[in-house]
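Required output: the full structure, derived from the provided sequences and hints.
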Amino acid sequence: MRATTPEQLQSTLQSLFTPEGVAAGLSFQPRPSDIIISPFAKCGTTWIQQTVHGLRTRGSMDFGEITEVTPWIEAAADLGWDLDAEQVADPRAFKSHLSWDRMPQGGKYICVFRDPMRALVSMFKFFEGWVMKPGAISFNRFAYDHFLARQAPSSYWHHLVSWLSQRDNDRVLLLCYEHLQASFEPAMERIAAFMEIDLDDELAAIVRRQSSLAFMQEHGSHFDDHFLRQQRDPVMGLPPGGSSSKVSSEDSRAARPQPSQALIADMQLRWDRDVTPATGLENYEQLMSQMA
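Using our numbering, you'd call the opening residue of the sequence shown number 869 and step up by one each time.
No lab work stands behind these hints, which were simulated from the structure alone. As the structure is a prediction and not an experimental result, all values here were calculated from the model. Any given hint could be a false lead.
[Unchecked claim] Calculated cross-link-like contacts (lysine to any residue; reagent style SDA-like; alpha-carbon spacing at most 25 Å):
| id | residue 1 | residue 2 |
| --- | --- | --- |
| 1 | K993 | R1018 |
| 2 | K993 | P972 |
| 3 | K993 | L1106 |
| 4 | K993 | R1039 |
| 5 | K1001 | D1092 |
| 6 | K1001 | R1097 |
| 7 | K1001 | L1131 |
| 8 | K993 | R1124 |
| 9 | K1001 | G1105 |
| 10 | K1001 | Y1012 |
| 11 | K993 | Q1126 |
| 12 | K993 | S1022 |
| 13 | K993 | G1003 |
| 14 | K993 | F1015 |
| 15 | K993 | S901 |
And the structure:
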């Protein structure tokens, strides 16, 4: 059944992958050329997967769901993937949500930051209708009992601080979701250069079009996690027919919950406690300014 309380939600999510499967992923040994895409959840992972795959294949859409061609490191063993296998193109590409301190070392890494409140809202909408019964858990309760309750190493703030510590590492590319939204072209050029791919005009046009919101909405089944859900929903005790699209529609954006002033203040307090002492940054806007 879909969760109706935060406690049920936590229990359901804990059964998504086995401890043994996650441990197998953590023992993965990347090649120096491997590209590992590891934003925090709901911070642009799918968008970058599509961009990276388009760059290395000149826009191939010959896949059922994007994670099939950019395997999820933590999920691989439970989904029957061999992380050491060759892929459809070079460089190999992988998805993760690991913080830097837990990440298998040896590859090249892309992390995207996103405003924490926007990440929270997106996560709530993503879980509703898949692991949560729609309307059963309020946005406010989800915010406090799930998002804000998370501690290191699985919290948003720990993830951000860990990756920001690598800002001078030339094997790590750090981006901001909001900068990609404002102007995708510079980010695409940086990603191509990071992957050591020659970005000619034709390839740039292909990737620009196929990484657009309109294109990804039109091809929504390529980005809805159905490959994972078909295998793991029964293990999690979830009924069939859930929705977990990662590409928002106009209707879903219009229906996003509005955070209270108290929640906004408490999210800032968490930033003050976990981010500012480690980075000197007082808020996400300062991070974006520094990243620009």
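The hints, checked one at a time:
1. K993 - R1018: Distance of about 18 Å is within 25 Å: holds.
2. K993 - P972: violated (30 Å)
3. K993 - L1106: holds (17 Å)
4. K993 - R1039: violated (33 Å)
5. K1001 - D1092: Judged against 25 Å, a Cα distance of about 18 Å means the pair holds.
6. K1001 - R1097: holds (16 Å)
7. K1001 - L1131: The hint holds at about 23 Å.
8. K993 - R1124: holds (7 Å)
9. K1001 - G1105: holds (13 Å)
10. K1001 - Y1012: holds (18 Å)
11. K993 - Q1126: holds (12 Å)
12. K993 - S1022: Since the Cα atoms of K993 and S1022 sit roughly 19 Å apart, the hinted pair holds (cutoff 25 Å).
13. K993 - G1003: Roughly 11 Å separates the two Cα atoms, so the pair holds.
14. K993 - F1015: holds (13 Å)
15. K993 - S901: violated (35 Å)
In summary, the numbered hints that this structure violates are 2, 4, 15.
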